[in-house]
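Using the supplied hints, reconstruct the complex from the two chains, each of which is provided in its own coordinate frame.
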Amino acid sequence: MQCKIPAIGVASSNIVHYATGYVSKYQTGMPIRYVSVPFPFTGQPRAVDVGYVSGKDMLTGQPLMSAVVNALTGPLTVEEKMSGAPPEEAVEPRLLPPDSEENLRMLFEDKEWTDFNSIILPTEKRVTAMLKGTSHKPDEVIKTINITGGARQLTVEKVAINAVMAGASPEHLPVILALATQAPFGNSTSSMANMVVISGPIRNRLKFNCGTNAMGPYNRSNAVVGRAFTLMSKTAGDLRNNVNAWETLGNTMQYNNMCYGENEEALPDGWDPLHVEMGFKPTDSVITVGTGWSSIASVGASQSIYPTHYLMRDYMSSFCASGSAATIVIDPTVAGLLKDVHGFKTKAQLSEWFSQNVTKTNASYWGNGVIQSTAVPFALAGLEPYASWRKLPDDALIKPFTNSKAIHVVVAGGKVQTMWFVTDFGIRRGVSIDDWM
Amino acid sequence: MKPRFFASFLLGTLMLMPAALSSRAWPKHPQQAASAKAGPGSSASAKETLPFPQVPRITAEEVERLAKDKGNVVLVDTDDSESYAAEHIKGAVNVAYDPTADVRDQDQLLSALPGDKLIVFYCNCPHEEDSAPLVLEMWELGYGHDKVKALEGGLTRWEQLGYPLAGTDVGAGATQQKGN
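Sequence order for the protein chains is A and B.
Residue numbers for the first sequence follow our numbering, so the first one is 1 and each next one is one higher.
Residue numbers for the second sequence follow our numbering, so the first one is 1 and each next one is one higher.
This is chain B alone, in the form it adopts within the complex (with noise of 0.2 Å):
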């Protein structure tokens, strides 16, 4: 009997993915837990089942806090380009999360983001979906565990304490104080 040969990428299947363009649609990160229920100020069995776990997360006052002592902290908006240009956290910078994205081609920019710094990675979703990802990835690329984290309750927690925001949808596409 002949041998039989195995096709070598053949195994996989060439799914198609027509919601490919929804970032909601894209597939979750592997190592994000069980889907969240509960929010910032949870109790703290709910917070067990938040995504991202292992991720520290901090709150916007203390973020707050620390950006008005300007260099201390730098804010990455991990929503897409468009979002981040409609409305963003004031001084944020835009580091879009995309799970379907070749990494490396992301890597170039999480590297490019100061090592001696204390970075803030937000999405505008309830419980750092998008931008604990990101954290976890700065992780792998050396970055200490300590100078990296994600804002708890993200944009709009930020945008809850009418802490300042920056972008096309804010007041005629000028930076305002907005919200409260």
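Excised from the complex, chain A in its bound form (with noise of 0.2 Å):
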């Protein structure tokens, strides 16, 4: 639509070269021009930003205001003038020529096309026989990822060069396709996480960890799927940093995206596994994929004097609750003792008393970031308990867990120690392995 009103951008310092390089380039062909004001605006004391106003456009210098006149008002440039799309980048060849290992490995690094750690320079005959890992034709397509500018296909070959990259063998493939569905992670200035939890035979199969020290770096189905999800994420969506990966201070969980196997032989009686409690037979392969920013770990034996759920209520007090989301990781000792000791017939009867029992002032719910995003809008629309919690005081304690159903509960480690992890993780329901076989 052509409203032939001048118009420009207003964009604050950290992400004004995003908007006037890579999405100017690749989302409209046209450049729009911005001013820019600094970086935070948002937690700063109004006579900060009032002086943002008052103060210097940070890209040209000039008094802020001038800048936005002179911004509407300035005739065209000839790139300005331009119409129509942009020209189509060049595609990069399917094969690259034949080089030595030192400038290929130099080649992917200077491209990001991987974690940073070696790979497995994924050569074709590398990646043919990865490819017999599954019966799915190299060509079929999993999905199409909308990157900017664009989309892109991601296929089973591609797929099978990120595993190939990551260190996996064929039989890891299936899961890796199955993970795939469920790619790029979460690209967010703030600093994303994820979890990728293996559900079913196929951790029995590919020895996947579930018991001690499921979560850290001794296994090597864990290390090379949680990896592959990186370098799939990386590569098929095209993340690179400062270029449109944005997250602050990043995140070192991306380099394995908490992948691990659900220990579900040791599962109290009553408890279901994860995917099971998503509606799949116990008898089927699946890969569940999560999704937040915060994981707060226990410190220490449980005590009688203050139960583990108690001790796991008050962390996630700290969460921002949005969607209610979180994802409660616990060792089969504690899930022994919350079963045995306190009650809980079923995750989903512990999910249900997380949900009446986390409480947080109305304050620190409503001034996270997230929540001003998602919360505020159905507030300001009437919608309830959003709207009746924006009316209360600040002290006022909410429960903010409205939705038990988006508490999951998952059980994993060794027996060790009286061990669990809460995180603010949302889960989307599992994909099937199988399918991917």
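Please keep in mind that the hints were generated in silico from the structure rather than gathered at the bench.
No residue lacks a Cβ here, since even glycine has one placed at the ideal position from N, Cα and C.
Errors might be hidden in some of the hints.
[As the list claims (entries may be wrong)] Between beta-carbon pairs, the in silico distance windows are:
id, chain 1, residue 1, chain 2, residue 2, range
1, A, Thr-248, B, Asp-69, 44 to 50 Å
2, B, Leu-161, A, Thr-346, 42 to 48 Å
3, B, His-145, A, Met-106, 48 to 54 Å
4, A, Ser-190, B, Leu-161, 42 to 48 Å
5, A, Pro-307, B, Glu-82, 49 to 55 Å
6, A, Pro-75, B, Leu-161, 49 to 55 Å
7, A, His-342, B, Glu-82, 48 to 54 Å
8, B, Asp-69, A, Met-82, 52 to 58 Å
9, B, Ala-85, A, Pro-75, 32 to 38 Å
10, A, Glu-79, B, Asp-69, 56 to 62 Å
11, B, His-145, A, Thr-361, 32 to 38 Å
12, B, Glu-62, A, Val-416, 52 to 58 Å
13, B, Ala-85, A, Arg-105, 50 to 56 Å
14, B, Leu-161, A, Asp-340, 54 to 60 Å
Shown next as structure tokens:
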């Protein structure tokens, strides 16, 4: 739609080069004029934000409002008069020409096709061998990933390439193909992380670690599958540092994505495996991906004076509770205590208890940026309970985990200590691995 | 002979999408069936060709009845924010359907919807093309299949029946009864 009204963008300094660089090049083909203010502006005293307006444009150094007027009224340059779509980028070749291993490693690093740990170079022979791990055809499209300026088809062959690079074997390929349906992983200005949970018979068949050190660097299957998610996300998702990957601190969990198996054999009676709770059969092999920001590990052995679920509740109160999302990973010993001593006969009962007992102050709930972007519009539209919460005093206690079904419990670990993790990871329904055999 | 090396993602072409800002030019949801010819109230055989036939529909009449019992139903408008601001079902919240967006961003909004009420998604499209995909996404997030539905006929049907609307295009920005 052409309104024939001059328009410019005002962007903060942390992202303006994104708007004027990558997006401008790939999204519109037409440069949009920007002026820029310092960052951060949220959370600042009002006087500081007013100072930004009376201060200078970060791009031109002109007084900000003069820069706005000039940008709105200045004549168009030749480049700005361009119309239509920008020229298509040259398609990169499917195969690289032969070169030395050293040069190819440098190329892969220069292109950011790695996680900067050593990769297995994906030769034609290695990829062909990897593809023997599935009955699916190499050119089958798993999904189309929308990237800035276009779309990229993630095929079975591309996943196999990443599997080779991650150090996987052909028998891992169906797991990685199922995982590919969830790629790329989250990319935000905040430090997002992921969790990959393996369920069902495939855990034992491929010797995924579900016991001692389930989340540590002690197992090949956990390592290569978790890493493959990172490599797929970076390559197929076109994620490049400071070009379109913007996590201000990043997150070390992105190296392996907390890949582990559920210790289904150690579940208390009545506690179903994660994938069975989602409607799969116990004999199904399933991969499940969670995404969030925060993870807190317990410290020290469980004490009877303050049961583990009380501690978990306290820790969870520090989470933003966006969408009621939480995933709690507990050692089988803790699961046993929760069932036998504290009476939680199912995981669902424990989730419901958290939903009813985790509280936080109204101010700490609304003081989170994620909540500002999700729950505030709902509150303003009158949706409960958000609308009522907005009217409460800052120190009022609310129960932000309103949806107990978004609170998941996974049992893993080696019964060495009564340990657990609480995370704010939201989980989407698992994906069948069997479908990718 | 030296081995040849695959370029990691280079098998993917960078397709430029000049129409990416148009919702109608966005790629279709992978589970969407062949384009529909039938509308609400069409014959059973025609209904089988509706997009996303696995998504349960609910009629506007039924939603209106439930909406009168405040709190029983949550209506979600899946149009973009500008269209929502202009006109939407009274009381509806907005979660725009954007198949090009990061699904996790969308999930942040969807998972903030209550889990204990009936949630009805609607779009300004004849066959629930933009509302049914969000029903499927709600299922992925663990919401009950019986708790999430798509409004049959969407905003158009609601308007035809003269049920309450709100928005800047609805009577000088005020909420009012419209239609009939």
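Hints breached by this structure:
When the structure is compared with the hints, none of them turns out to be violated.
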